[in-house]
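This is what each chain is made of:
There are 2 protein chains.
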Amino acid sequence: MQMTADDFHRQGKIIGLVPTMGYLHEGHLQLVRILRPQCDVLVISIFVNPIQFAPTEDLDKYPRDFERDEQLCRSEKVDIIFYPDNLEMYPQPFHTFINVEKLSEGLCGASRPGHFRGVATVVAKLFNIVKPQLAIFGEKDYQQLMVIKQMVKDLNFDITIHSAPIVREADGLAMSSRNKYLSPEERKAAPLIYQSLLTARTLYQQGMDDPEEITEKMISILQKIPRLKVDYISFVDSQTLWPVTKIKGEVLVALAVYIGQTRLIDNIVIRG
Amino acid sequence: MQMTADDFHRQGKIIGLVPTMGYLHEGHLQLVRILRPQCDVLVISIFVNPIQFAPTEDLDKYPRDFERDEQLCRSEKVDIIFYPDNLEMYPQPFHTFINVEKLSEGLCGASRPGHFRGVATVVAKLFNIVKPQLAIFGEKDYQQLMVIKQMVKDLNFDITIHSAPIVREADGLAMSSRNKYLSPEERKAAPLIYQSLLTARTLYQQGMDDPEEITEKMISILQKIPRLKVDYISFVDSQTLWPVTKIKGEVLVALAVYIGQTRLIDNIVIRG
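First to last, the sequence lines map onto chains P and Y. Following the working numbering, the numbering of the first sequence begins with 193 at its first residue and continues without gaps. Following the working numbering, the numbering of the second sequence begins with 193 at its first residue and continues without gaps.
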């Protein structure tokens with residue numbers, strides 16, 4: 193892959209990278225479609241990165257379907273699928289980890305210690321392997337996007353990071369490979385997650401600017417979902433990800449909930 | 193620098209990097225001379241990296257002389273001197289740090305917490321800025337060399353790491369920018385550091401293979417140095433840097449001592 197990348201660079205070609213964990217859905221394909229016209233060589237990486245999962249998490253059951261992914265890539269005119277295995281990515285001994293402080297600490301970082309360390313590390317590896325000039329990440333994983341942007345800036349990766357808005361099902365549920373885990377009943381109720389976020393925005397527009405007050409209303413909506421457990425609902429500055437006590441400027445409303453065993457995240461930006 | 197590097201890559205040229213903190217001596221020049229014939233474009237970086245110094249250390253008084261360094265570079269046919277300032281390297285907010293676990297923990301890493309995190313981070317930055325295919329590090333900073341090699345492997349930097357043996361003054365003292373701190377009296381006694389390492393090797397060759405026993409003999413030599421304080425004397429596996437209890441295989445004997453305020457390091461490899 194590195195030699196191939198070097199060849200493309202010598203030819204003056206632009207390499208674009210879409211890093212994924214596979215089990216592709218419309219959200220991923222949207223990333224491909226946005227990057228496709230901006231680069232000469234479009235690379236998608238498919239790798240379920242073990243070091244971003246805690247031992248208690250869903251690494252083993254994370255959905256995989258390479259053949260389906262390959263067909264989708266073909267129809268989207270992806271040039272290269274980079275599809276390494278764990279031993280290629282993490283030959284032992286492996287000791288090096290990248291930590292993006294502050295930005296990794298709140299939100300999902302608080303519930304999933306070590307998660308963003310695993311993400312930053314694998315993304316740096318992918319950058320060094322694929323050598324892209326452009327890469328794109330989805331805004332559903334908003335904190336991940338901010339962590340990657342900070343890492344790129346701090347470590348001087350010569351890569352422009354693009355992002356793309358959340359792609360949703362017709363009923364509003366944010367697309368995610370993990371939606372597959374939901375039972376029909378859970379799936380039917382899951383759009384209430386997005387409803388709670390839309391309600392947050394509406395309440396703000398109606399004059400409510402206290403995150404605690406809005407959170408209460410959101411919880412009353414979310415509680416209609418069967419087997420629901422709220423992991424967090426946070427109102428943070430959209431750039432620093434620091435919690436805000438009042439909505440002003442650009443505020444990210446981010447949440448993570450469990451529906452049964454399935455952990456789902458979603459977010460919305462409110463411009464105060 | 194990145195655009196310049198891209199141009200060279202498009203021309204199929206090989207970039208070699210010699211990272212330094214300046215105040216160049218024969219040790220640095222040796223690195224240049226080894227790398228010079230292997231690359232088309234030789235880049236030397238001169239940057240006293242603040243994040244590898246603890247607040248109590250000698251960052252402020254670390255010797256600097258850019259004009260002299262520039263002349264030395266010119267006479268060695270260095271093509272590019274990359275000489276950034278702190279604000280270019282660490283614009284605020286800066287949050288990203290690279291940790292090479294295990295290898296960073298013993299030896300100097302134990303006495304200087306955070307030191308190798310600072311080293312790994314700045315070297316990754318320099319790699320991304322200069323985009324070399326080759327880089328070289330001196331074996332005096334043996335642990336640093338091992339940390340960098342592990343980082344390069346773990347993060348898939350497409351860079352070949354070379355190393356070069358310690359360059360010594362005529363009397364055996366390892367060359368170091370910090371030798372400048374020594375008073376004439378201290379300087380005169382400082383070669384006993386290397387003498388203690390040579391004695392370790394001789395004792396081993398004479399049949400002594402217990403690190404503790406050899407260490408005692410080394411200390412009795414080092415104690416002839418005025419104002420001496422031993423930071424550590426360690427016998428470690430030359431690859432893993434794990435302490436050995438008996439010399440066999442390739443063992444690194446590494447030490448750090450203070451002579452007054454000046455901290456000096458040196459090492460020797462014993463092949464058991």
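Please note that the accuracy of each hint is not assured.
[Said to hold, decoys possible] No more than 16 Å apart at the CA atoms, straight line, and that leaves these computed lysine to aspartate or glutamate pairs for EDC-like:
| hint | chain 1 | residue 1 | chain 2 | residue 2 |
| --- | --- | --- | --- | --- |
| 1 | Y | K345 | P | D401 |
| 2 | P | K440 | P | E377 |
| 3 | P | K345 | Y | E280 |
| 4 | Y | K205 | P | D198 |
| 5 | Y | K372 | Y | D199 |
| 6 | Y | K205 | P | D199 |
| 7 | P | K205 | Y | D198 |
| 8 | P | K205 | Y | D199 |
| 9 | Y | K421 | Y | E378 |
[Unchecked claim] What follows is a list of derived Cβ distance ranges for each label pair:
| hint | chain 1 | residue 1 | chain 2 | residue 2 | range |
| --- | --- | --- | --- | --- | --- |
| 10 | Y | D271 | P | P283 | 51 to 61 Å |
| 11 | P | E218 | Y | H217 | 52 to 62 Å |
| 12 | P | R360 | Y | M195 | 36 to 46 Å |
It is worth saying that the hints were derived from the structure and are not from the lab. Note that the Cβ used here is the ideal one computed from N, Cα and C, for glycine as well.
To see whether the hints hold, each was checked on the structure:
| no. | hint | result |
| --- | --- | --- |
| 1 | Y/K345 to P/D401 | violated (49 Å) |
| 2 | P/K440 to P/E377 | violated (37 Å) |
| 3 | P/K345 to Y/E280 | holds (11 Å) |
| 4 | Y/K205 to P/D198 | holds (11 Å) |
| 5 | Y/K372 to Y/D199 | violated (39 Å) |
| 6 | Y/K205 to P/D199 | holds (13 Å) |
| 7 | P/K205 to Y/D198 | holds (12 Å) |
| 8 | P/K205 to Y/D199 | holds (13 Å) |
| 9 | Y/K421 to Y/E378 | holds (13 Å) |
| 10 | Y/D271 to P/P283: 51 to 61 Å | violated (35 Å) |
| 11 | P/E218 to Y/H217: 52 to 62 Å | holds (60 Å) |
| 12 | P/R360 to Y/M195: 36 to 46 Å | holds (40 Å) |
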